[in-house]
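Enquirer: Taken in order, these protein sequences are the chains called A and B. The numbering used here applies: residue 1 is where the first sequence begins, and numbers increase by one. The numbering used here applies: residue 1 is where the second sequence begins, and numbers increase by one.
Derived by calculation from the structure, the hints in this document are not laboratory data. Do not take every clue at face value.
To be verified - DSS-like mimics (lysine-lysine), calculated; alpha carbons at most 30 Å apart, straight line:
#: 1; chain 1: B; residue 1: 83; chain 2: A; residue 2: 491
#: 2; chain 1: A; residue 1: 495; chain 2: B; residue 2: 10
#: 3; chain 1: A; residue 1: 320; chain 2: A; residue 2: 637
#: 4; chain 1: A; residue 1: 383; chain 2: B; residue 2: 20
#: 5; chain 1: B; residue 1: 20; chain 2: A; residue 2: 363
#: 6; chain 1: B; residue 1: 53; chain 2: A; residue 2: 488
#: 7; chain 1: B; residue 1: 83; chain 2: A; residue 2: 383
#: 8; chain 1: B; residue 1: 83; chain 2: A; residue 2: 495
Stated by the list, open to error - Okay, the calculated bits of chain B under chain A, using three or more residues with CB under 8 Å as the criterion:
#: 9; segment: 69-80
#: 10; segment: 241-248
As the list claims (entries may be wrong) - Partial chain A-side listing against chain B, Cβ under 7 Å, derived:
#: 11; residue: 141
#: 12; residue: 210
#: 13; residue: 211
#: 14; residue: 212
#: 15; residue: 449
#: 16; residue: 624
Just so it is clear, CB atoms sit at the ideal spot from N, CA and C, and this is done for glycine as well.
Here are the chains, one letter per residue:
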Amino acid sequence: MQLDAKIPAGPLAEKWDKHRFDLKLVNPANKRKFTIIIVGTGLAGGSAAASLAELGYHVKSFCIQDTPRRAHSIAAQGGINASKNYANDGDSDWRLFYDTIKGGDFRSREANVYRLAQVSGNIIDQCTAQGVPFAREYGGGLANRSFGGAQVSRTFYARGQTGQQLLLGAYSAMSRQIAAGMIEMFPRREMLELVIIDGQARGIVTRHLITGEMECHAADAVVLASGGYGNVFYLSTNAMSSNVSAAFRAYKRGAFFANPCYTQIHPTCIPIHGTYQSKLTLMSESLRNDGRVWVPKDPGDTRPPDQIPESERDYYLERKYPTFGNLVPRDVASRNAKAQCDAGRGVGETGRAVYLDLSDAIKRDGREVIERKYGNLFQMYEKITDEDPYQVPMRIYPASHYTMGGLWVDYNLMSTIPGLFVLGEANFSDHGANRLGASALMQGLADGYFVIPYTIGGYLAGADHQHVSTSHSAFRDALGFADARIEKLMKLTGKRTVNDFHRRLGAILWDYCGMSRNDEGLKKGLQMVRDLRAEFWENACVPGSARDLNQSLERAGRVADFLEFGELLILDALERRESCGSHFNEAFQTEEHEALRDDEHFCHVAAWEYRGDEQVPERHIEPLVFENVHLTQRSYK
Amino acid sequence: MTRTINLTLKVWRQPAAAAKGRFETLHATNISTDMSFLEMLDVVNEQLTLDGKEPIAFDSDCREGICGQCGAVINGHPHGAEKGTTLCQLHMRHFQNGDTIVVEPFRARAFKLHKDLIIDRSPLDQIIQAGGYISVHTGGAPEANTIPISEDRAELAMDAAACIGCGACVAACPNASAMLFVSAKISHLALLPQGRPEAARRALSMVRKMDELCFGNCSNERECEAECPKEISIANIARMNREYIKAGFFSALK
Ligand SMILES: Cc1cc2nc3c(=O)[nH]c(=O)nc-3n(C[C@H](O)[C@H](O)[C@H](O)COP(=O)(O)OP(=O)(O)OC[C@H]3O[C@@H](n4cnc5c(N)ncnc54)[C@H](O)[C@@H]3O)c2cc1C
Ligand code: FES
């Protein structure tokens, strides 16, 4: 199958305007006749639901949590980028576009990324109008800070709770539409199946998480905004319920899965300290603005940090990358931290940590200024580690955080299944092989507020739509399928808990398909995942019953999908015979141990097509064409 | 320093809303003091599962104190006795070896119980739907810097906006009032120039909705502020009362 990204012709900066004009419009009176299902109420799904309802569509919105306001986006800390150039430091749409393309190691689509930069300013306007309390300068204007991978200050923030405030903005817009009867809200629901009729996405099957009831919902289009799959590593900075299931169910119904091996390992997280640990906590990258990363020069130096004199410290990022220093992109910072620890220079009890030291900044700006910027992060750190970061440098280590891979979408954000749109972290679209900080919030809101309202109209106006109802046989089949899977899970009465399997899967992927990969490890990991999956279906234990509130069953379903998906992730890593961004295969590196791309053979998106449970999925490619930027070896020196 | 401790838990078990509930005594052994309270419950649940019993149902998601999904009453305190802490951020180092810990759901007339520690907080959403927003359509916003807002005003708005909607204030209040929650949203928006045009309508309709949903009245007990994991100030309640009275007296909306 030929993947057609449907990128509009014409100069880069004019593509989106022209495309918006070319898209067919739905007559206002007809909009309410169209039902749109949106799975997910994070920044992407929440903003889409509110915007589409405002336009007059009938929206049905679904989420796992008890209210849309708690979606995983709520946890984002550091900020959101926009090319406003308020700092007058030379920012522009073009620069934001270029930084994002380069940060992604030249593995994303020019047209999508340029559009993202173009609408970034509108997002800030929109959120401000909603009442998002962004940080301000004394003069009353909006404040900015810097983030990794950029030399301009373009990140807007609301203390260390930017995601919370942006999500509450989208939630308030949704609430207004719920009150107006334009959005029907279905909280505590999990999508278990996608329903396809005549080749088009026409509905979903959900499970009511309180009663265990199975439900069918029909629509004219389905939007997936179900977030990323970082929890495949078990320990990650993602929320407990973050999953791949919604996307994976769609994959099994024909949506291609793109670049699953692009998984971001974030450099600044609180290190692991026990096997019981259920998640890892991020310390926002914004701390790298003011913090300096270092390790002792001598391996095995166990002195407390305040007894290690300046001359015996190695500020390795500043030393190796004088231009970007502590603000190198995440993939570079993470790999360097791992290398330091592998060389025995790691600190703390486990030796798997490096220092992130803000003492110079505290000395320079005073404690009060630092507290205002990062107070809640410091508090969180202290709660978890029982150490006061104002006194002792923080210990940090990389952790699974974000996934650039996701369902393949075209320029309209439509997947390979007509009528199935994918937004936010769930799609693969804008970040290539590595995402820059503060650009996931930007992308989720761009997709939901400013892209899907136009492109879904083009689809609905263009297609020949028959009304379908849930009495269609396709719903019966999908329901039967979902029910059978639940029954199979409920029959598991083995000796290991589902969590135990998940933990093991995470460990395998972390060891063999994590920050640094090699063929031998990948092959070994692949076999281990297969064996673990086989054992899961023999020896897992799922208590309780199906038609009841049953959290073990919920988890079992998600872990079963992760166990299949983990294999796809490794397969993708094996097939990409190069290193790029977050995908680092040791066989492909420069003399200075940076990722070495192979633009001749791998300047493309890999999109996987499901072919059946016993079949190897088929790898399709979408060539990436660069007309506006010159491909270079990334350098942050 | 990391230690391991053993604890006795008295946990509220109730299979469904209509079923009868009771306290069940469970043992948590070899608990590392670096664990969070929820990780301790995870460990207990793993053992229950292996013993062929049903694990304790409890809510959580972010596990970093921001989503508001977790919550239970620990020894009489919503989210436990530590100040400014959600249950997911409460660490076991605050307990002693041999302690007995009582774990119950948030209780309030407006919150129905689903199972064990899981409750229905949807009335809080309904209050927001009654007016906890600024009516602006996507695309209709002016350039952000055309509305200057002084830094301290933005900070005050942010203080109020930090509410995570967990419902601890309702559980803490002897009258099961939602005043702190409602006042935080009303304050957040009333403090910002963008929120002024609808301030009167918002205050009236949110407060009416709260009363309609069987939340109690505020009798100045201050328990809400003391237990709020985000330390939202009751100064917001005073601000809300001013907005409400102003709206009642001076506005055409009744
Ligand atoms: C700790 C942390 C800090 C971050 N900080 C930043 C930052 O400072 N700046 C930045 O730009 N990015 C940041 N990110 C990344 C960013 O937060 C996420 O990429 C982004 O919020 C994802 O938004 P989303 O709308 O795509 O999905 P999510 O917010 O993950 O929402 C997913 C939604 O889908 C629902 N859902 C999922 N599966 C199902 C299903 N099967 N059935 C029904 N519903 C389902 C969920 O209930 C939820 O409502 C951070 C991420 C983390 C983890
Ligand atoms: S789980 Fe999110 S606040 Fe506790």
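Enquirer: All the hints need checking, so say for each whether the structure fits it.
Expert: Going down the list of hints, with the structure as the test:
1. Between residue 83 (chain B) and residue 491 (chain A) the alpha-carbon distance is near 44 Å, which puts this suggested pair outside the 30 Å criterion.
2. At most 30 Å may separate the alpha-carbon atoms for a hinted pair to count; residue 495 (chain A) and residue 10 (chain B) meet this at roughly 27 Å.
3. The hinted pair formed by residue 320 (chain A) and residue 637 (chain A) meets the criterion: a straight-line CA distance of about 7 Å does not exceed 30 Å.
4. With a C-alpha separation of about 37 Å, the suggested pairing of residue 383 (chain A) with residue 20 (chain B) is violated against the 30 Å cut-off.
5. Between residue 20 (chain B) and residue 363 (chain A) the CA atoms are separated by roughly 59 Å; this puts the pair beyond 30 Å, and the hint is violated.
6. For a cut-off of 30 Å, the pair hint linking residue 53 (chain B) to residue 488 (chain A) stands: about 19 Å separates their Cα positions.
7. A distance of roughly 11 Å separates the Cα atoms of residue 83 (chain B) and residue 383 (chain A); the hinted pair therefore holds under the 30 Å criterion.
8. Proximity of residue 83 (chain B) to residue 495 (chain A) is assessed by CA-CA distance (about 40 Å); at most 30 Å being required, the pair is judged violated.
9. Under a criterion of three residues with beta carbons nearer than 8 Å to beta carbons of chain A, the stated coverage of the segment 69-80 of chain B fails, only 1 such residues being counted.
10. Residues of the segment 241-248 of chain B with a Cβ under 8 Å from some Cβ of chain A number 0, which does not satisfy the need for three, so the listed coverage is violated.
11. Hint status for residue 141 (chain A): holds, given a least beta-carbon distance of 5 Å to chain B, under 7 Å.
12. With a cut of 7 Å, the hint placing residue 210 (chain A) at the interface with chain B holds, because the nearest CB-to-CB distance is about 5 Å.
13. A cut of 7 Å between beta carbons decides the hint on residue 211 (chain A): the least distance to chain B is about 9 Å, and the hint is violated.
14. For residue 212 (chain A), the interface hint is violated, since its Cβ never comes within 7 Å of a Cβ in chain B; the closest pair sits about 11 Å apart.
15. A hinted interface residue such as residue 449 (chain A) counts as satisfied when its beta carbon comes closer than 7 Å to some beta carbon of chain B; here the least separation is about 5 Å, so the hint holds.
16. Hint status for residue 624 (chain A): violated, given a least beta-carbon distance of 31 Å to chain B, over 7 Å.
Of the numbered hints stated above, those contradicted by the structure are hints 1, 4, 5, 8, 9, 10, 13, 14 and 16, listed in ascending order.
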